[in-house]
Amino acid sequence: MSTTIAPKALPDSVPAAHVVSAKWGMAAPQVFVVAGFCLFFLYHNYLPLFHSDLWGHVAYGDWILTHGRLPQEDPFTELAAGVPLTATAWLSQVLLALAGRGTDPERLAHVFAAIGLASYLILARTYFLQTRWLTLSAAGTFAAFLVTWSRHAVQRPENFGLFCLAVLLWCVIRSDRRDRADSWRWPVSIGLTLALWANLHGSFIVGIAVLVCWVTGRAIDAALLSGRLLAFFRDATFWRRLWCLEFALLGSCFNPYGFDLLLQTLVFPTHPNLNSVLEWFPLEMKSLEGLPMALSWVMTGVVLRLSQRRMSAVEVLWLLVLNAAVCLRVRMIAWYGPIWILALLPHVAEILSRAADSPALTSWQTRFAAWTQPSIHWTAVTVLLVWMTFAFAPISRPVLGGTPRRADQVFSHETPLKVTRYLHDHPPSGLVFAPQWWGDWLTWRGPSEIRVMMTTNAIHLAPPQVWQDYLTISMAEPGWEQRLDRYRINTVVASVELQPELCRSLEQSPDWRIEFEDAVGIVARRKVLKSVALRGSP
Amino acid sequence: MKVFREGRWRMLALSWHALFLISATSYSAWRIEALRESHLPPTPSIEPRRVSPRNSRPELVDSERLHRVLARLTPDFGSQRPPINFVDHALRFWGVTATFDGDTVLSGAELRELLLDHRAFAEAWGAETKPFLIPDTRGDGLRFRTRSGPATASHVDHTLAGLAEVGTPLDYPVLTPRGERLLKDAFHQSIREFSLNQEEYEWSTLVFLHYLSDVPQWYSSEGQLITWDRLAGRLMRQRLNQGVCYGQHRLYVLAALLQHDAERSCLSESVREDIRAHLADATARLVATQHAEGYWDGAWPGQEREGSAAQNPGPLGSRADRLLATGHVLEWWAYAPPEALPADEVLQRTIEWLSTELETLSAAEIRRYYPFLTHGGRALALWSGQQPDLAGADSQRQPR
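Chains as they are written, first to last, in the numbering used here: chain Z, 15 to 552; chain L, 3 to 402.
Please keep in mind that the hints were generated in silico from the structure rather than gathered at the bench.
Predicted model only: the values in this text are computed from it and were never measured.
It is possible that some hints are incorrect.
[Said to hold, decoys possible] Calculated lysine to aspartate or glutamate pairs in the EDC-like style (CA-CA distance at most 20 Å, straight line):
hint, chain 1, residue 1, chain 2, residue 2
1, L, 132, L, 105
2, Z, 541, L, 308
3, Z, 432, Z, 495
4, Z, 541, L, 306
5, Z, 541, Z, 495
6, Z, 432, Z, 532
Model the full structure from these sequences, guided by the hints.
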């Protein structure tokens, strides 16, 4: 069943076409895998830029580039003034700002498509290193993508985190393959990966957790296999992995905050404001994350039941830790998918390799033998596929030319483009209430002097009182008008789709007037009350 | 030799791992403790700082008339159940040293006892009433029951601010239903629960001004760095007549903050100027909107960015509104910087109207409006150049 294309020993005298085929030829399964990745890239390159915190990150990066230093407090949310800021994603933000500055925001889409493709290619390579089975590793990569489907449209520094996770997993699997050789290469590589990750995104803590499981699991395995509790003392692999973990910890301290970043990242999920943010909720089965998680549990059960391969303690720990993380905070599913496949794929390979000996599969293999033979024709098809992907993807426009896509194609449909134009034409004074997911956008694309009450990037910085008041206004709960008074907010921007109560309340309120409205959002301003004749002498 | 070398490297590696583990653990513990300590609440002064009035015009206040007015405002609540709101206003008005003739008139010490001794409270309100003092059984907190009826304080931190204004030290004993505590516990509770954006913040700022006068900044339990600049910004953020008593308490605290700044330089230059401009603007509006008779009401700010304030009479009626607004205005002007002071004619009109009203109110009206009236009475005494207990010394023993 294996579709691995191993180079064959050539006889002394063979036609040149055969030599080329043997060296450059590809088989049909490889073409399908490449086609899959082409589709993946095309899809992601066409994904509209999300209307939420992406723009806050771009604005942060721009601030860092402009000021030449990291912000100490949130530079865009005055209500969070005095709350120390740890810029856990400063390097990603700078990269995003470099891409997002200028007149072509579509470059951001190119960055996300490229980083996504790179991440999944590395994951595929990692799975291939585990199984030496191309189609299976491609299928595993696809499964990892499907499990994390709910986050596939995320365009954030988290994408850089996924890239780092892929690199780390590759290092982990690769170092296990070359156990004794290159003994210092892998600790150093892993240390450098974590150093990069710690500056790109706070998810580096997941990397540390993966490595802790990797080390601890090895110690447990050594004890279980030898029957002696302290067997790991004499286990070279354990010590090599420990070096890797230590280098990773040291590497993660190479950031502007040093060791404090690790502590801040650990306490970050305990911030009370995150309790009302969907992606920080515990797992709910009836949700976009619940279904794939349930399926993954069923698949894990079936695979482990059928597999005759021993399950290592590392695999158990990885699954336990990541499952617990997803159950507690649903956004952790982004890291669960790739690691779940990493733990499960060797077992799937073992089951399939046994099944490959069955007569039915043998005859199937014989029937399609020609498809698995390397051929320069398949290579030509592959090159054509790659070229077509590039040509049809927006990323080729700077090279091949073409008409830029319309704004409503580049930006997600919930992006308040007309609202923003209206605000540019009628700049608001004072603090503006806008949904936090638009706060980021308005900070970046709104009038230069705009002051918004909340942004997505400030949720964990805003004092809890401010966040609760924001939620009260956002959902037009009793007291929403008093909250607007308390912050002296005279302009409200609301989302028609996601804040219908607020839109309705503003329409019905005698103190507010809707000044602009489209299918996406409204802009309301406080009515200036009629001058009341004062009884006092002037 | 090779074995020896290998053994030596193994020992070195083992030492490194042990060293790494110990260093990482101890450094983590140290950093966690350091970060925790940096966010601990500040240490308050035991003795409260005094905020003194900076203005007086004895020539504008008729002392005979003042005595008559003050005599009408003695804390004779005439009932077994003196509302806490009346008690803490009376305490702030008269101070702890005040004494009066008559069995039903409470002295300053008795007023404070009602607030800080559960036995006195239970005697006045009965055992079935929920205690005014709520000690935190798990920590060092002490809460004053607030905004839950007449047996509770009417505003957040109002009682503590009043106690601070009359000079109560934080080591003053407080007898709660669960034993003795110190007033310091109430301060800790206040600072722990303080949020810069809470609904009522005027008295909390006043509490900090009295007990944290030496502390330039601290972290709130929300993780926000609280500075005097930030507190001033909060006091100036809302529309002028928003907040308790038509926003006049905010102006009073701002004036007190400026006074504190003159001694300790706690404000930045720009915020200092902002406060001065804000107070001067408030006074200009007050001068413009003063009624010919000398009073104001809730519409005192006139036109603002958002238009003029709505003129809905308060629940006690127009007269109460006027007494409320006018008494408070005259009171904060006693603390105002020179640039925020009105002309003497304006003061004269205000004093005249307020004195006349306080003299002509019926006994029932005085009982009804008592908390408002204490501000007016105190203001008149301060403008006469004395504290109320001294200004009213001759009057206190006169029959009411």
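- Task: Starting from residue 132/L, check that the Cα of residue 105/L is at most 20 Å away, please.
- Result: Violated. Residue 132/L to residue 105/L sits at ~26 Å, over the 20 Å cutoff.
- If you draw a straight line from the CA of residue 541/Z to the CA of residue 306/L, is it 20 Å or shorter? 12 Å, holds
- Message: Check whether the Cα positions of residue 541/Z and residue 308/L lie no farther apart than 20 Å.
- Response: 7 Å, holds
- Item | 20 Å Cα cutoff - pair residue 432/Z, residue 532/Z | 8 Å, holds
- Query: Between residue 541/Z and residue 495/Z, is the straight-line Cα distance small enough, at 20 Å or below?
  - Reply: Since the Cα atoms of residue 541/Z and residue 495/Z sit roughly 13 Å apart, the hinted pair holds (cutoff 20 Å).
- Message: For a C-alpha distance cap of 20 Å, please report whether residue 432/Z and residue 495/Z respect it.
- Response: 25 Å, violated
Comparing the model with each earlier hint shows violations of hints 1, 3; every other hint is respected.
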